[in-house]
Amino acid sequence: MIAETKTPVQVLIVDDNPVDREIYQRFLMAHPQYACSFLETELGMQGLALCRTAHPDCVLLDYQLPDLDGLEFLAQLADEQGVTSIPVIMLTGRGSEIVVAEAMRSGAADYIPKEAVSRESLERALVNVIEKYRLRAAVEEQRRQLEQTNADLLHKNKEIHSFYHMLSHELKTPLTVVREFVAIVLDGLVGPLNETQREYLHLAKESCDQMALGFNDLLDATRIDTGKLRVTPHRTGIADVVQQSVIAMTPQAQDEGIRLQHDIDPDLPEVLIDEKRIAQVLANLLSNALKFTPAGGEVLVRVSDDPQRSAYVLVSVRDTGRGIEPEQLSYIFDRLYQVRSDDTAIAGGLGLGLHICHEVVRLHGGEIWVESTPGKGSTFFFTVPKYETCSTSVTREREEIAL
Amino acid sequence: MKKILIVEDDKRIVMALKVRLQAQSYSVVAAYDAALAMDVAVKHQPDLVLLDISMPGGNGFMVAERLQNSPVTMGVPIIFLTASKQPGLREKAKELGAAGFFEKPYEAEELLDAIAKALNGLANVSGYL
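The listed protein sequences derive, respectively, from chains C and Z. Residues in the first sequence are numbered from 1 upward in steps of one, following our numbering. Residues in the second sequence are numbered from 1 upward in steps of one, following our numbering.
The set of hints was computed from the structure by calculation and includes no laboratory data. Remember, predicted model here, so these are calculated numbers, not experimental data. The C-beta atom is built at its ideal place from N, Cα and C for all residues, glycine as well. One or more of the hints may lead you astray.
Unchecked claim - PhoX-like, lysine-lysine: derived pairs with alpha carbons at most 20 Å apart:
1) Lys-94/Z x Lys-117/Z
2) Lys-2/Z x Lys-117/Z
3) Lys-3/Z x Lys-85/Z
4) Lys-2/Z x Lys-18/Z
5) Lys-117/Z x Lys-18/Z
6) Lys-276/C x Lys-92/Z
7) Lys-43/Z x Lys-276/C
8) Lys-228/C x Lys-2/Z
9) Lys-43/Z x Lys-3/Z
10) Lys-228/C x Lys-291/C
11) Lys-6/C x Lys-158/C
12) Lys-156/C x Lys-228/C
13) Lys-228/C x Lys-3/Z
14) Lys-158/C x Lys-18/Z
15) Lys-18/Z x Lys-276/C
16) Lys-291/C x Lys-376/C
Stated by the list, open to error - Where chain Z lies over chain C, by a calculated footprint (3+ residues, C-beta under 8 Å):
17) 162-170
18) 211-220
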C-alpha cells in the first residue's frame, strides 16, 4: 500500500569510490517517501553526460573526482541546464568549509560532510532538495505563465487598438465620399434643387455627421479602455470655448424651439485646458440637453468661479428636460450607459458620450457630476483648473510636457 | 488659373475634391499614390498640394518632406487631409509647416477657405491647423 504511493526518484551518484556508491544506494533504497532508482559513475564528465541524457531527479556528487572537481561539475551543469534544473547534493571531505561555501554559491542545493553521511541525513537531504526544487520550478512556471499572460494581454490590447484605428479609417473614407457627394448636390453644384430634395439631402448629410461623431466616440472609448486617451492642456480663456460651443448648437436649438443661452462671468482668469477636448465635453452635454428638452424649454450654460474650490472654474449646463431618475444617476457616467426610453427617437447614440466627458474632465484634474429632478430638468457640472493656481500642481507639469 | 495637386489614393475622394475645386475655377491634377506624387508635382508644378496622410507607397509626411526638399516644389503650401485619428498627426503637420490640417469627413467650405488663404500667403493666420 505504501509502496504504491511512493514517488519514483532517479538518483545519479557521481563518486570514484565504489564502496561509497554502494553505501549511498543502500541508505536510500528504503526511503519512506521515494522509490529510488540509481545511476552511477566514477567520472565527472560521465556524470554530466548522464545529466543531459537521463535527467535524474537528484545528483549525489563527490567533491573530489579523478577528472573534475565539484565546482567545475556545477559550472558545467549550469551552462548546460541552468543552475536550478537538477538539484546537486555535494559530499565533501573533512575540513572543507571554504569549498562548501563556494559550492553553495555555485548552485549546489545542499551538502553533507562525508563523515556525517547516514541513512537519516541522506534521506532528509534528498527530501529537502527535491521538495525545494519542485517548489522553485512551480514558482518559476507560474511566473513564466504570468509573464506570458501579461504579454498576451498587452498584445491583445495593441491589436484591439489598431483594429479600431483601422476600422475607423476604413469606414470614414467611404463615409467622407457619401457625405461629400451629398453636400455637393445639396450646395447646388450640379443644378437647382426643390425644397423636398434639399430637405432629404440635408437629413442624409446630418446622418453622416452623426456617424462620424460615432466613430470618433468609439475610438475615444477604446483609448479610455486601453489607457491611451490623452489631453494636452495649455493656458487659455474659457469664454471663447464656451461661446463657440453654444454658437455651434444654436441652429439645432432654434430648429427645436429651445432657448439656448449662456451666462459667462467676464472676470474669470485663464484656465489650463485642452480646448478641443473641452469643446467635445460641451458639445456632448449640450447635445444631450437639447435632446431631452421639449420645445419651449430652455438650456442655460453658465461659467463662474467654483464656489467650493477656488482653484477651479465651474461650468454648468442646465436643461428643462424630463430629468433623470435618482436610481440612474450613479450609472450615468458609466461606459455604455443608455437612457432607458420607450421613445426610440429620444434614446440613441452609442451611450459613450458621458463616459468620454467623465474621462476628459478627469484627465484635466477636474470633476464632473449631475443634479436632477425628474420632470423638471437636469444640470451637469464640471470643473477645470485655473492657470495661475496650478503652478505647483500636476496639471502644470502636464502642460510643460505637452509644450 | 491656380493649379492644385491632390495626392489621395481613394479615387472617389479625388473626384469629389475635383468637383469642388473646379467649381472655384482651380485647375486640378491628381496622384493616386505617394510614390507617384513627386513625379506629378515636378511635372505640373502646382501652386498648392492637398495631401492625404495614409496611402499605399508611403505616407503623406514623407511626400511633404520630399516636396520641401526639391528645388522645384520647395515652398508650395501643403494642406493635409486624413481619415486617421492617430494622436500626433496634427502636431506633425504643424512641424512640417503645413498650411492646414483637415480630418475626414471634412467641411468643404472650410477646406476651400483654407486653400484660398494659403494661395494668398495667409496660411499662418488661417487657423486650420
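How the hints compare with the structure:
{"no.": "1", "hint": "Lys-94/Z x Lys-117/Z", "result": "16 Å, holds"}
{"no.": "2", "hint": "Lys-2/Z x Lys-117/Z", "result": "13 Å, holds"}
{"no.": "3", "hint": "Lys-3/Z x Lys-85/Z", "result": "29 Å, violated"}
{"no.": "4", "hint": "Lys-2/Z x Lys-18/Z", "result": "13 Å, holds"}
{"no.": "5", "hint": "Lys-117/Z x Lys-18/Z", "result": "18 Å, holds"}
{"no.": "6", "hint": "Lys-276/C x Lys-92/Z", "result": "17 Å, holds"}
{"no.": "7", "hint": "Lys-43/Z x Lys-276/C", "result": "39 Å, violated"}
{"no.": "8", "hint": "Lys-228/C x Lys-2/Z", "result": "42 Å, violated"}
{"no.": "9", "hint": "Lys-43/Z x Lys-3/Z", "result": "12 Å, holds"}
{"no.": "10", "hint": "Lys-228/C x Lys-291/C", "result": "30 Å, violated"}
{"no.": "11", "hint": "Lys-6/C x Lys-158/C", "result": "49 Å, violated"}
{"no.": "12", "hint": "Lys-156/C x Lys-228/C", "result": "14 Å, holds"}
{"no.": "13", "hint": "Lys-228/C x Lys-3/Z", "result": "41 Å, violated"}
{"no.": "14", "hint": "Lys-158/C x Lys-18/Z", "result": "37 Å, violated"}
{"no.": "15", "hint": "Lys-18/Z x Lys-276/C", "result": "30 Å, violated"}
{"no.": "16", "hint": "Lys-291/C x Lys-376/C", "result": "15 Å, holds"}
{"no.": "17", "hint": "162-170", "result": "holds (count 3)"}
{"no.": "18", "hint": "211-220", "result": "holds (count 3)"}
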